[in-house]
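Note that the protein sequences, when read in sequence, are chains A and B.
Take the first sequence: its position 157, counted from the start at 1, is 157 in the working numbering, and no numbers get skipped.
Take the second sequence: its position 103, counted from the start at 1, is 467 in the working numbering, and no numbers get skipped.
By construction, these hints were calculated from the structure, which means they are not laboratory data.
Computed from a prediction, not measured in an experiment: that's the story for all the values here.
Check before you lean on any hint, since a few could be wrong.
Unchecked claim - The calculated lysine-lysine pairs, modelled on DSSO-like cross-linking and capped at a C-alpha distance of 30 Å, are:
1) K258/A <-> K355/A
2) K104/A <-> K497/B
3) K497/B <-> K7/A
4) K484/B <-> K18/A
5) K170/A <-> K212/A
6) K212/A <-> K7/A
7) K484/B <-> K104/A
8) K497/B <-> K68/A
9) K9/A <-> K484/B
10) K9/A <-> K497/B
11) K484/B <-> K212/A
12) K104/A <-> K9/A
13) K484/B <-> K7/A
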Amino acid sequence: MNLLSAKFKLVFDEFIFKVDLEIPIHGFTVLFGPSGSGKTSFLRCISGLERSPEGFLRIGDETWQDEKRGIFVPTSERQIGYVFQETRLFPHLNVEGNLRYGLKRCTPQNGDALFSQVVEIMGLGSLLSRHPVNLSGGEKQRVALARALLTRPRLLLMDEPLAALDAKRKQEILPYFQRIQSELSIPVFYVSHSLNEVLQLVDTLLLMDQGKIVAAGPVEDVFSHPNLERHLGHSLVGTVLGTTVVRQDEEFQLTVLKFNDHILYVPRRDVCPGNRLRVHIRAEDVTLAVAPIEDQTSVLNVLPAQIVEVRSNAEDGCKVDVILDIGCPLLASITRKSLAHLNLQSGQNIYAHIKAIRMAHELD
Amino acid sequence: MNISSLDYQPIFLTLQLAAVTVLVLLVIGVPIAWWLAHTRTRFRPAFEAVVALPLVLPPTVLGFYLLIILGPNGWIGKPVEAMSGSPLSFTFTGLVIASTFYSLPFVVQPLYNAFEAIGKDPLEAAWTLGASKWDAFWTVASPMALRGYITAIVLGFAHTLGEFGVVLMVGGSIPGKTKVLSIEIYERVETLDYSQAHLLSAGLLSFTFLVLLTVYYINRKLPVHVS
Numbered sequence: 001m002n003l004l005s006a007k008f009k010l011v012f013d014e015f016i017f018k019v020d021l022e023i024p025i026h027g028f029t030v031l032f033g034p035s036g037s038g039k040t041s042f043l044r045c046i047s048g049l050e051r052s053p054e055g056f057l058r059i060g061d062e063t064w065q066d067e068k069r070g071i072f073v074p075t076s077e078r079q080i081g082y083v084f085q086e087t088r089l090f091p092h093l094n095v096e097g098n099l100r101y102g103l104k105r106c107t108p109q110n111g112d113a114l115f116s117q118v119v120e121i122m123g124l125g126s127l128l129s130r131h132p133v134n135l136s137g138g139e140k141q142r143v144a145l146a147r148a149l150l151t152r153p154r155l156l157l158m159d160e161p162l163a164a165l166d167a168k169r170k171q172e173i174l175p176y177f178q179r180i181q182s183e184l185s186i187p188v189f190y191v192s193h194s195l196n197e198v199l200q201l202v203d204t205l206l207l208m209d210q211g212k213i214v215a216a217g218p219v220e221d222v223f224s225h226p227n228l229e230r231h232l233g234h235s236l237v238g239t240v241l242g243t244t245v246v247r248q249d250e251e252f253q254l255t256v257l258k259f260n261d262h263i264l265y266v267p268r269r270d271v272c273p274g275n276r277l278r279v280h281i282r283a284e285d286v287t288l289a290v291a292p293i294e295d296q297t298s299v300l301n302v303l304p305a306q307i308v309e310v311r312s313n314a315e316d317g318c319k320v321d322v323i324l325d326i327g328c329p330l331l332a333s334i335t336r337k338s339l340a341h342l343n344l345q346s347g348q349n350i351y352a353h354i355k356a357i358r359m360a361h362e363l364d
Numbered sequence: 365m366n367i368s369s370l371d372y373q374p375i376f377l378t379l380q381l382a383a384v385t386v387l388v389l390l391v392i393g394v395p396i397a398w399w400l401a402h403t404r405t406r407f408r409p410a411f412e413a414v415v416a417l418p419l420v421l422p423p424t425v426l427g428f429y430l431l432i433i434l435g436p437n438g439w440i441g442k443p444v445e446a447m448s449g450s451p452l453s454f455t456f457t458g459l460v461i462a463s464t465f466y467s468l469p470f471v472v473q474p475l476y477n478a479f480e481a482i483g484k485d486p487l488e489a490a491w492t493l494g495a496s497k498w499d500a501f502w503t504v505a506s507p508m509a510l511r512g513y514i515t516a517i518v519l520g521f522a523h524t525l526g527e528f529g530v531v532l533m534v535g536g537s538i539p540g541k542t543k544v545l546s547i548e549i550y551e552r553v554e555t556l557d558y559s560q561a562h563l564l565s566a567g568l569l570s571f572t573f574l575v576l577l578t579v580y581y582i583n584r585k586l587p588v589h590v591s
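Use the sequences and the hints to build the structure in full.
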């Protein structure tokens with residue numbers, strides 16, 4: 001497996017970007033964090049567009065930067081693909097010219113086979129002779145992605161490629177991202193400040209804030225990491241669950257999901273049974289009850305749970321965070337008053353009422 | 365007016381001077397414009413001012429300094445004379461050097477504006493696609509700056525055609541060597557040969573107008589590439 005070791009430090013006027021990281025690169029790694037947290041700086045350092053004075057970068061067995069030994073491989077000689085937010089297609093070349101620009105410089109042999117394959121995967125066959133001015137935002141982004149893929153990158157860097165697109169276009173592009181993984185198996189570093197667009201894709205999450213990486217790991221783990229509230233932002237504090245689609249309930253217009261041995265109901269979604277679906281449950285949307293009152297509540301999803309731990313909330317004095325066990329950790333946020341009123345204790349068996357379950361793209 | 369008696373030599377000399385000057389200016393001006401557009405030095409305004417100087421300086425002032433520098437005792441004239449045996453002042457080479465300074469802003473500024481408008485973004489994209497900096501300059505920046513190149517070439521050429529003061533100071537009026545069109549016109553007027561002066565002036569006027577017209581027409585047809 002390929003390892004990425006990176007050590008970068010950049011000093012800006014009012015901001016220091018500092019990263020010291022070693023992680024395996026495979027699948028979809030998302031760099032997530034608020035704007036100005038250093039995500040783009042990280043990508044630019046990896047690509048060599050930015051040079052950290054005492055930096056170090058190693059991918060697999062290749063050292064791209066080691067300032068102690070005076071090594072700095074220029075961007076053009078690094079096997080990376082870079083997809084910019086503003087696409088940066090060359091306006092003087094048509095789509096085919098843009099695609100072949102990187103192809104002929106990086107993939108001189110068997111270029112045509114790769115070209116046809118990528119054009120097919122990205123659905124660009126009918127656009128080849130068009131110029132970038134005549135493409136829609138989504139089409140431009142697909143061309144930019146294909147252009148980067150044609151350089152046969154060892155690592156594909158994407159900097160908020162969906163930020164300029166509306167919700168509908170985003171949904172059109174996301175399947176193409178999935179195909180990068182399933183058909184070309186190129187590892188991706190993906191920068192985003194909105195988790196909704198990538199929650200279904202992400203394998204590893206790097207959470208960044210104020211120029212530093214504050215958490216790294218599988219998305220479910222990072223979300224159950226304590227004290228992330230101030231990094232994630234209030235609305236994202238909660239739990240990510242990996243579920244499987246069981247069936248569609250046509251009568252009530254619901255989709256039925258399975259998670260461990262639990263059944264969850266969500267408003268009907270166009271997903272086929274058997275598909276994996278990640279969902280997000282906000283800590284605020286989980287309420288606790290000491291008795292099973294399933295027939296006395298309008299809440300659809302009620303799960304038996306055990307209290308693992310009660311922690312005071314650092315941000316909000318009236319709230320406490322309750323970590324429950326439902327086969328995996330589930331985070332609930334309730335008031336201190338309710339805690340006292342119900343006299344909740346660690347180890348106690350209770351019922352978690354889940355008021356809302358959000359699909360990835362419904363997060364905000 | 366008698367066209368058959370017209371001395372064509374100043375016309376050819378002028379066209380030759382303008383063509384050579386533009387070539388020299390492209391070799392010098394493109395790197396200067398590129399450097400100005402991408403340098404991060406805080407002295408950039410000073411360099412911009414130096415490049416723009418010939419726009420506002422009286423040609424006689426420029427010509428005077430050039431005469432001194434290119435003359436037999438000048439920084440450039442002296443070593444050149446020592447090597448080649450002849451001075452630079454009052455030669456065609458001297459005229460080319462003088463015209464290069466004189467027309468510099470007309471070539472550098474359109475290129476500078478074009479490179480600056482393109483910015484670094486498309487270049488970075490080219491580097492990530494495996495293009496070296498040199499490669500990216502030729503295959504991305506230059507095609508995108510095509511309008512800037514055309515404007516630079518034409519303005520540099522047209523401006524050199526009409527040069528007078530600098531030529532007079534540095535080149536004098538040696539037939540076949542340094543006597544260019546504008547000086548020929550001046551001399552015709554001095555000798556009250558108005559018909560020849562008319563012919564040459566009208567010719568220069570219409571030629572220059574046609575050249576500029578062509579450029580503006582081409583520029584309208586070319587797409588603007590701004591990132």
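Hints, verified against the model:
Only pairs whose Cα atoms come within 30 Å are accepted, and K258/A paired with K355/A is accepted, the gap being roughly 17 Å. Straight-line distance between C-alpha atoms of K104/A and K497/B comes to about 16 Å, which keeps the hinted pair within the 30 Å bound. Restraint check: the Cα-Cα separation between K497/B and K7/A comes to about 26 Å, which is no more than 30 Å; the hinted pair holds. In summary, the hint linking K484/B to K18/A is supported, as the alpha carbons are separated by about 25 Å, within the 30 Å threshold.
Annotation: proposed proximity of K170/A to K212/A holds, straight-line Cα distance about 28 Å (limit 30 Å). Simply put, K212/A and K7/A have alpha-carbon atoms about 11 Å apart, close enough for the 30 Å limit, and the pair holds. Restraint check: the Cα-Cα separation between K484/B and K104/A comes to about 22 Å, which is no more than 30 Å; the hinted pair holds. Restraint check for K497/B and K68/A: satisfied, since their Cα atoms lie roughly 25 Å apart, inside the 30 Å limit.
This hinted pair checks out: K9/A and K484/B have alpha carbons roughly 22 Å apart, not beyond 30 Å. Taking the CA atoms of K9/A and K497/B, the gap is about 25 Å. The hint holds against a cut of 30 Å. Proposed proximity of K484/B and K212/A is supported: the alpha carbons are some 27 Å apart, at most 30 Å. The hinted pair formed by K104/A and K9/A fails the criterion: a straight-line CA distance of about 34 Å is larger than 30 Å.
Taking the CA atoms of K484/B and K7/A, the gap is about 25 Å. The hint holds against a cut of 30 Å.
Hint violations for this structure: number 12 only, all remaining hints satisfied.
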